[in-house]
Amino acid sequence: MYKTNDLILRTTTSLIAFILLGFAIYLLLAGHNSPGGGFVGGLMTSGAVLLMYMSYGIEAVNKMLPINFVTLIPIGLAIAVATGAGSFLFDVPFMSQTFGYFTVPIFGEIELATAMLFDLGVYFTVVGVMITIILTIGNDQ
Amino acid sequence: MNEREILEFIAVLLILLGSILSVISAYGIVRFPDVYTRSHAATKSSTLSVLLTLSGAFFYFWISESFFSVRILLGILFVFITAPVAGHLIIRAAYRSKVKLSEITIEDELHEVLHEEDKEFIHKDVLEKEDREKILRNEDKQK
Numbered sequence: 045m046y047k048t049n050d051l052i053l054r055t056t057t058s059l060i061a062f063i064l065l066g067f068a069i070y071l072l073l074a075g076h077n078s079p080g081g082g083f084v085g086g087l088m089t090s091g092a093v094l095l096m097y098m099s100y101g102i103e104a105v106n107k108m109l110p111i112n113f114v115t116l117i118p119i120g121l122a123i124a125v126a127t128g129a130g131s132f133l134f135d136v137p138f139m140s141q142t143f144g145y146f147t148v149p150i151f152g153e154i155e156l157a158t159a160m161l162f163d164l165g166v167y168f169t170v171v172g173v174m175i176t177i178i179l180t181i182g183n184d185q
Numbered sequence: 005m006n007e008r009e010i011l012e013f014i015a016v017l018l019i020l021l022g023s024i025l026s027v028i029s030a031y032g033i034v035r036f037p038d039v040y041t042r043s044h045a046a047t048k049s050s051t052l053s054v055l056l057t058l059s060g061a062f063f064y065f066w067i068s069e070s071f072f073s074v075r076i077l078l079g080i081l082f083v084f085i086t087a088p089v090a091g092h093l094i095i096r097a098a099y100r101s102k103v104k105l106s107e108i109t110i111e112d113e114l115h116e117v118l119h120e121e122d123k124e125f126i127h128k129d130v131l132e133k134e135d136r137e138k139i140l141r142n143e144d145k146q147k
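For the record, the sequence lines run as chains A and B.
Read in order, the letters of the first sequence correspond to residues 45 to 185 in this note's numbering.
Read in order, the letters of the second sequence correspond to residues 5 to 147 in this note's numbering.
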């Protein structure tokens, strides 16, 4: 057997994974006015994490990212249900959404919508489902 | 032609150059004899063609619609970093699964390096095995 030497793959992964994660956050935040949203952002994040799993191996990444990805699924679903049920507090139908304009120090005046919180729930669920599926298949060997 | 039209013309020229290069790359993939030279055609020239096309699109949107697309810049950076690494990994996998080189190849220096490494590893394994057997025999004697 050859001793494996993945120096090029690992060095590139440590650079690429950051670009992928940043782009995933961008897609998650930009979903309201341009293509993107929770689903694509979640897929992209899981792609970055899977790239790290491919180049570093399962045990090393489990040490680097001590997250149990199965628990992300109920967290995301709970966020989505909570944003839907939160509209009862204001005496409006289920899953109503609203938005407002706020002034933030760096960005100036921006529009913040409650649909963003629902997208965050979708994001967590998609990340949890994707990584759970692939790790369950990969651990069988 | 005013200034804006000239800049748009340069952007369109970049896209044309990129598409010509991608045709050349596809022609190289068909014409070259083995997997290594084909990958040489597939990674280098198609990476350059994608980069030229993307930068042409970037300049076009910047000039004609004054839209500064960060996504296209990120895409240029991303393709520039990942495409050579993908080519490297594919060719490495091909070499290690012993895909034959074409008959016009003159020299294969990597073969000797890998072969020597292989011998050393076998040697080490044999030594460890003998050591293990000796230890086992000693334990049997003590019992």
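Source of the hints: derived by calculation from the structure; they are not laboratory data.
Careful: at least some of the hints might be erroneous.
[Stated by the list, open to error] Computed, partial: chain B to chain A, Cβ under 8 Å:
no.: 1; residue: Y64
no.: 2; residue: S73
no.: 3; residue: I76
no.: 4; residue: I80
no.: 5; residue: T86
no.: 6; residue: L93
no.: 7; residue: I95
Note that CB positions come from ideal geometry on N, CA and C, so glycine has one too.
Hints, one by one, checked against the model:
Proximity of B:Y64 to chain A is violated relative to the hint, the smallest CB-CB distance being about 18 Å (cut-off 8 Å). The beta carbon of B:S73 is not positioned within 8 Å of any beta carbon in chain A (closest approach about 11 Å), and the interface hint is therefore violated. Violation of the interface hint for B:I76 is found here, the shortest Cβ-Cβ separation to chain A being roughly 12 Å, above the 8 Å cut-off. At a threshold of 8 Å, the smallest CB-CB gap from B:I80 to chain A is about 12 Å, leaving the interface hint violated.
Checking B:T86 against chain A by beta carbon gives a least distance of about 6 Å; that is within 8 Å, so the hint holds. Checking B:L93 against chain A by beta carbon gives a least distance of about 6 Å; that is within 8 Å, so the hint holds. Violation of the interface hint for B:I95 is found here, the shortest Cβ-Cβ separation to chain A being roughly 11 Å, above the 8 Å cut-off.
Taken one by one, the earlier hints fail for this structure at numbers 1, 2, 3, 4 and 7, listed in ascending order.
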